[in-house]
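Residue numbers (my numbering), protein chains in the order written: chain A, 581 to 875; chain B, 257 to 551; chain C, 36 to 321.
Hints are computed from structural coordinates only; laboratory data are not their basis. Given the structure is predicted, the values throughout are model-derived calculations rather than measurements. Keep in mind that a hint or two might mislead.
[To be verified] Calculated Cβ distances over 12 Å to all of chain C for the following chain B residues:
#	residue
1	Glu310
2	Ser336
3	Met393
4	Met436
5	Gln440
6	Val507
7	Leu529
[Said to hold, decoys possible] Per the computed footprint, the stretches of chain C lying under chain B, defined by three or more beta-carbons under 8 Å from a beta-carbon of chain B, are:
#	stretch
8	134-146
9	153-159
[Said to hold, decoys possible] Derived, one-sided and incomplete: chain C residues facing chain B with beta-carbon distance under 7 Å:
#	residue
10	Leu100
11	Leu101
12	Arg164
Ideal Cβ positions, reconstructed from N, Cα and C, are used throughout, including at glycine.
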Amino acid sequence: MTAVLAVHDLHVAIGERGRAANVLRGASLEVGAGEVRGLVGESGAGKSMLGRAVLGLLPANAVIGGGTILFEGRDLLAMPEPERRGLLGRRIALIPQDPITSLNPVKRVGAQIAVTLRHHLALSKRAALERATELLAEVAIREPRRVLELYPHEISGGMRQRVLIAMAFACDPGLVIADEPTTALDVTVQRQVLQLVERLRQRHGAAVLFITHDLGVVAKICRTMTVLHAGRVLEEGETADVLARPRHPYTRALLAATPRADRPAEALRPVPPALIESLWSEAHRLDRLDVAGRA
Amino acid sequence: MADLTLSGPIERPSRWLASVARGGTRLWCGGTLVGILFLIALLAPLLAPHDPIEQDLLAAQLPPAWIQGGEWTYPLGTDSLGRCVLSRLMYAARTAVAVALIAASLAAAIGIAFGLIAGMFGGWIDQGVSRLIDVWMAFPPVLLSIVLAAVIGAGLTSVIAAIVVVDWTRFARVVRAETMVQLQRDYAAAARVLGLSRGQILRLEILPNLVPLIVTLLAVEMGIAILVEVILSFVGISVAGDVPTWGGMIVEGRQIVYQSPWIMALPIVSVILSVIGFNLLGDGLRAALDPVQRR
Amino acid sequence: MTDMLLRTGRLSFAYPERSSSLFKRAAMRELVKRVDLAVPRGSVLGLVGESGSGKTTLGRLLVRLLQPTSGGIQFDGVEIGNLTEAELRPLRKRIQMIFQDPQSSLNPRLRLGVTLTRPLQIYGRLQGRQDQRDRAAALLDLVGLPTGLMDRYPHELSGGQRQRAGIARALALEPDFIVADEIVSGLDVSTQAHILLLLRELRARLGLTMVFISHDLSVVRVLCDDVAILQHGEIVEYGPVARIFNSPQHPYTRQLLSAIPLPDVEPGWLDDSSPFFLSHQRGSAA
Chain A
581 MTAVLAVHDL HVAIGERGRA ANVLRGASLE VGAGEVRGLV GESGAGKSML GRAVLGLLPA
641 NAVIGGGTIL FEGRDLLAMP EPERRGLLGR RIALIPQDPI TSLNPVKRVG AQIAVTLRHH
701 LALSKRAALE RATELLAEVA IREPRRVLEL YPHEISGGMR QRVLIAMAFA CDPGLVIADE
761 PTTALDVTVQ RQVLQLVERL RQRHGAAVLF ITHDLGVVAK ICRTMTVLHA GRVLEEGETA
821 DVLARPRHPY TRALLAATPR ADRPAEALRP VPPALIESLW SEAHRLDRLD VAGRA
Chain B
257 MADLTLSGPI ERPSRWLASV ARGGTRLWCG GTLVGILFLI ALLAPLLAPH DPIEQDLLAA
317 QLPPAWIQGG EWTYPLGTDS LGRCVLSRLM YAARTAVAVA LIAASLAAAI GIAFGLIAGM
377 FGGWIDQGVS RLIDVWMAFP PVLLSIVLAA VIGAGLTSVI AAIVVVDWTR FARVVRAETM
437 VQLQRDYAAA ARVLGLSRGQ ILRLEILPNL VPLIVTLLAV EMGIAILVEV ILSFVGISVA
497 GDVPTWGGMI VEGRQIVYQS PWIMALPIVS VILSVIGFNL LGDGLRAALD PVQRR
Chain C
36 MTDMLLRTGR LSFAYPERSS SLFKRAAMRE LVKRVDLAVP RGSVLGLVGE SGSGKTTLGR
96 LLVRLLQPTS GGIQFDGVEI GNLTEAELRP LRKRIQMIFQ DPQSSLNPRL RLGVTLTRPL
156 QIYGRLQGRQ DQRDRAAALL DLVGLPTGLM DRYPHELSGG QRQRAGIARA LALEPDFIVA
216 DEIVSGLDVS TQAHILLLLR ELRARLGLTM VFISHDLSVV RVLCDDVAIL QHGEIVEYGP
276 VARIFNSPQH PYTRQLLSAI PLPDVEPGWL DDSSPFFLSH QRGSAA
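Construct all of the structure, not just a fragment, from the sequences and the given hints.
Here it is in structure tokens:
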């Protein structure tokens, strides 16, 4: 059984040499064919960094300290840059977090989808627009032909996010990385967007790495999940198992700290600061060992 | 980041050093150039080797000392009347700095007052000020200055008046826009909820946020004032007679530019260095004073 | 009437939309429509709605950052809906607000100590510099922040610390009534739980009356006694927390509740077809 994506022992630091801060400390995860894996963590956990590392979109001052990222069996980090770029958008696609800044405000929606299609699939202009119409219909946009003619600011936030989802699945990618795609949305819209992602994933047969901070979202859309903290994987497994019987105290604490509409207020337990502190000091201890080991 | 949530403050290097570091090379270069200019202006009587208006007709149009025919008594040579070019440059720097300081401060004071009022009160007051600025900016500045000179006579006062009259709009526009931006932010709303009056909000909350902007503008405006003074000298409505100015020197040098090009070149170089200095300083200050690194 | 600290009667707010034609009168856009609220002293009311529901506008009306177009607001028996800014000033210290985005609600160029004691300063309750530092320290302590933070600027704090500071500022004048607008929405789960419990504790300790605005029903459940559900500027359902959560009456409330993803695996959740979804599945089945 080969995984679509296999990240192994990935180390990433950000900053100038000498005073770089580690953001990923040997993180590993796999996404199998047709699998939706949730990558859960709070801010600073490094979950977005992991997604960016796979996409090759790390900030300019990031240094990859070690590890491999295998996509369909080939190491992305060892691949020549042009080849890797050729995969982006075609075989590995992104659903970004912010639907507002992720679309070019001065280009019509149709033109933006068509550019991707023409670039990767070498379609003619007409064929590309035809395909774009189909894609918008697929993400439940009424009157897709009319929407193609609109500018991003003329459509709602939920619809923009749907356009971005359509663009992500446009070239039948093997892997889609969804980076907190519903964080900015209302709950009712969030549900529609999650339903769409699930439907398109099934139809196009893509594997999905779903990055989120929301355990509720993970529970609904991800079959497997990975809990990340301080750039380390603390726990991973089938979502149903992890949520029902969390093994790591951090996962347990996160679950207890999530307010639930179906339970009275007394059930809420904040994450003990001592736990967070011990996790960070463990991470920093590993950093020191790492430095000592290299010296 | 998350590890700091509840733990105590962590020691950092001093804020002052941090700001200087943020300012970078621009701050250093600009600061040095402007510093030298101010020093020369301040200490001209001590530094200058000669009286700037003392004529030595026997030693007219001497080249700078290091060129053949030059003498070390006149390090940068002499002009057509045999006056020491270095001394004249130094004394001219006094005029330039005086004009820059006075004109830029006055323009800033008037512009900031109008800008704050328009930005704070909005409505018809803002409409009035904005239209005034629009109309004002439609006048050609040089023409405006010539008219002014005709009314109050040539001289330093009219140069300063011309700069102030033309350039207050620069401050007013920027300060008005920035005041409006700051008022939109929640801290201004918070101040209202706390019961601060409009004047208090302006003075205690908004003004500190305008300081980086104003300081930057002020530095750039000083550079502009120096340029304007040169232009007005060039068209002959600046300081009359013997008082050395860079603009005046350029005019004089122009007539003998083929025989003694340095007489015109040296004041031009002085102007360019000063303006570059002020612009770099402004740029560096913006970075140094803005800890949040907006933009 | 006796123990209601805040009441609104048919409270409405509208603003003129940008006119499409120079000669036509601009249409009024109604953001809040005839809202009736009654908040008993010492209780917490949750205002829940999605974006565009008018909940933030309603919150800003209650603290009189906005002036109602019609209807009234009674605070402690006094009508404050049409008071001028000057007439409001004596009441300001009793009505406070905590803002959604502490990044923008704390003045970026002022040290925390200055921001926190600003309200005391303008009411002339500070005696010198040492007193200012003492008061700032006490306020930081109240919300569980280390007192050393008073010399820091907002950008030097974490999100959770900033939100605590926002709460501390609102408490500086010992107000009777606080409007909290989406104050936990941008925070991590662990930080969010801390802030919610802090508010609950402060409420018990200081006897605060609050209106707690949120888009998230689960958060509201932690803190509130009553809940009002807003949709398009109107209250569609209003009642005690237990009643709303256990037997929601209005379809919109039910829709909101069912859309919240609980952290339990529930296979049918994604293909449960909302009307929105059904209409399109047919269209694109081919």
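Structure-based check of each hint:
For Glu310 (chain B), the requirement that its beta carbon stay farther than 12 Å from each beta carbon of chain C is met, with the minimum near 52 Å. No Cβ of chain C comes within 12 Å of the Cβ of Ser336 (chain B); the nearest lies about 54 Å off, and the non-interface call holds. Every CB of chain C lies more than 12 Å from the CB of Met393 (chain B), the least distance being 26 Å, so the non-interface label holds. A cut-off of 12 Å between C-beta atoms confirms that Met436 (chain B) is not in contact with chain C; the least separation is 15 Å.
Once the 12 Å rule is applied to beta carbons, Gln440 (chain B) is inconsistent with being away from chain C; the minimum gap is 9 Å. Listed as outside the interface, Val507 (chain B) is consistent with that label: its C-beta sits roughly 46 Å from the nearest C-beta of chain C, beyond the 12 Å cut-off. Annotated as non-interface, Leu529 (chain B) keeps its C-beta farther than 12 Å from every C-beta of chain C; the closest such distance is 33 Å. Counting residues of the stretch 134-146 of chain C whose C-beta lies closer than 8 Å to any C-beta of chain B gives 10; at least three are required, and the coverage claim holds.
Coverage of the stretch 153-159 of chain C by chain B holds. Counting CB-CB distances below 8 Å, 4 residues qualify, and the rule asks for three or more. Nearest Cβ of chain B to the Cβ of Leu100 (chain C): about 6 Å, under the 7 Å cut. The hint holds. For Leu101 (chain C), the interface hint is violated, since its Cβ never comes within 7 Å of a Cβ in chain B; the closest pair sits about 10 Å apart. With its C-beta approaching chain B no nearer than about 16 Å, Arg164 (chain C) sits outside the 7 Å limit, and its interface hint is violated.
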